[in-house]
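Using the sequences and the hints, build the whole thing.
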Amino acid sequence: MLARLSYFVCTFCIALAGLPIDARAQSDGVRIQFDFQGRVDCDQPIKINNFPFSGRGSGIIFANRKASLDVTISGATTNQMRFDANLGGAPMSAPGGTAQLRVLGANRLRMIWSLPNNDLAVDVTVSGRSCTTTIDNRLKRGSRQFSMFDGGTFLFCSKPRIERTSCNIR
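Following the working numbering, the residues of the sequence shown are numbered contiguously, the last one being 151.
Simulated from the structure, these hints should not be mistaken for lab results. All values reported here derive from a predicted model rather than from experimental measurement. The beta-carbon is built from N, C-alpha and C at its ideal position, and this holds for glycine as well. Treat the hints with care, since some could be wrong.
Unchecked claim - For each label pair, taking beta carbons as the anchor points, the in silico distance ranges come out as:
1. Arg63 - Ala87: 22 to 30 Å
2. Asn45 - Arg125: 40 to 48 Å
3. Lys28 - Glu144: 16 to 24 Å
4. Thr58 - Glu144: 38 to 46 Å
5. Thr58 - Arg110: 28 to 36 Å
6. Asp9 - Ala87: 12 to 20 Å
7. Thr58 - Ser147: 20 to 28 Å
8. Gly132 - Gly109: 19 to 27 Å
9. Ala71 - Pro97: 16 to 24 Å
10. Gly132 - Lys28: 17 to 25 Å
What the hints assert, rightly or not - Heads up, simulated DSS-like pairs for lysine-lysine below, C-alpha to C-alpha not over 30 Å straight-line:
11. Lys140 - Lys28
12. Lys121 - Lys47
13. Lys140 - Lys121
14. Lys121 - Lys28
Structure (structure tokens):
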């Protein structure tokens, strides 16, 4: 998956609830921004080594357990996705697959971008007024290469290497 654009392959990630925030913030929601950078080697349909990609996302989580996330991922092309979800919401259609937002606890949110060969999960953990972001890309049973989607074509690659992540709360 953001009030500002953000996204990554796969990518990508978010829904928070139950945050320890003051009453004013609860009515407005909690705004989160994150970004990441990485590199990947792909074999099909073309061979590319050490290819750079980046993503940026922003979202808002409301006290009523609804969330909205905008994500932009850049690589060979730039793609944008929007996720709207609430606790327990079903996966929704997304570029190249499906996407889902999950609340993992009182201070943790996960966006899952499910592609043909793998699931990309972006976790945001909140502590006070700061946050951390982790990205996990897992192959599905029987798959040997990771799917990457550039908005029109699937690329088949080694596991993406995440080089940097950052997160902040507004």
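Results for each hint:
1. Arg63 - Ala87: 22 to 30 Å: At 25 Å between Cβs, range holds.
2. Asn45 - Arg125: 40 to 48 Å: Once the Cβ atoms are compared, 42 Å apart, the range 40 to 48 Å for arginine 125 and asparagine 45 holds.
3. Lys28 - Glu144: 16 to 24 Å: 21 Å, holds
4. Thr58 - Glu144: 38 to 46 Å: With a Cβ separation near 20 Å, threonine 58 and glutamate 144 fall outside 38 to 46 Å, so the hint is violated.
5. Thr58 - Arg110: 28 to 36 Å: At roughly 35 Å between Cβ atoms, arginine 110 and threonine 58 fall inside 28 to 36 Å, so the hint holds.
6. Asp9 - Ala87: 12 to 20 Å: 19 Å, holds
7. Thr58 - Ser147: 20 to 28 Å: 23 Å, holds
8. Gly132 - Gly109: 19 to 27 Å: Violated: the Cβ-Cβ distance is about 37 Å, outside 19 to 27 Å.
9. Ala71 - Pro97: 16 to 24 Å: 19 Å Cβ-Cβ, so the 16 to 24 Å window holds.
10. Gly132 - Lys28: 17 to 25 Å: Distance hint for glycine 132, lysine 28 holds at roughly 20 Å.
11. Lys140 - Lys28: Holds, at about 14 Å.
12. Lys121 - Lys47: 28 Å, holds
13. Lys140 - Lys121: Roughly 12 Å separates the two Cα atoms, so the pair holds.
14. Lys121 - Lys28: Holds: lysine 121 and lysine 28 sit about 22 Å apart, inside 30 Å.
Against the hints set out earlier in the document, violations occur for numbers 4 and 8.
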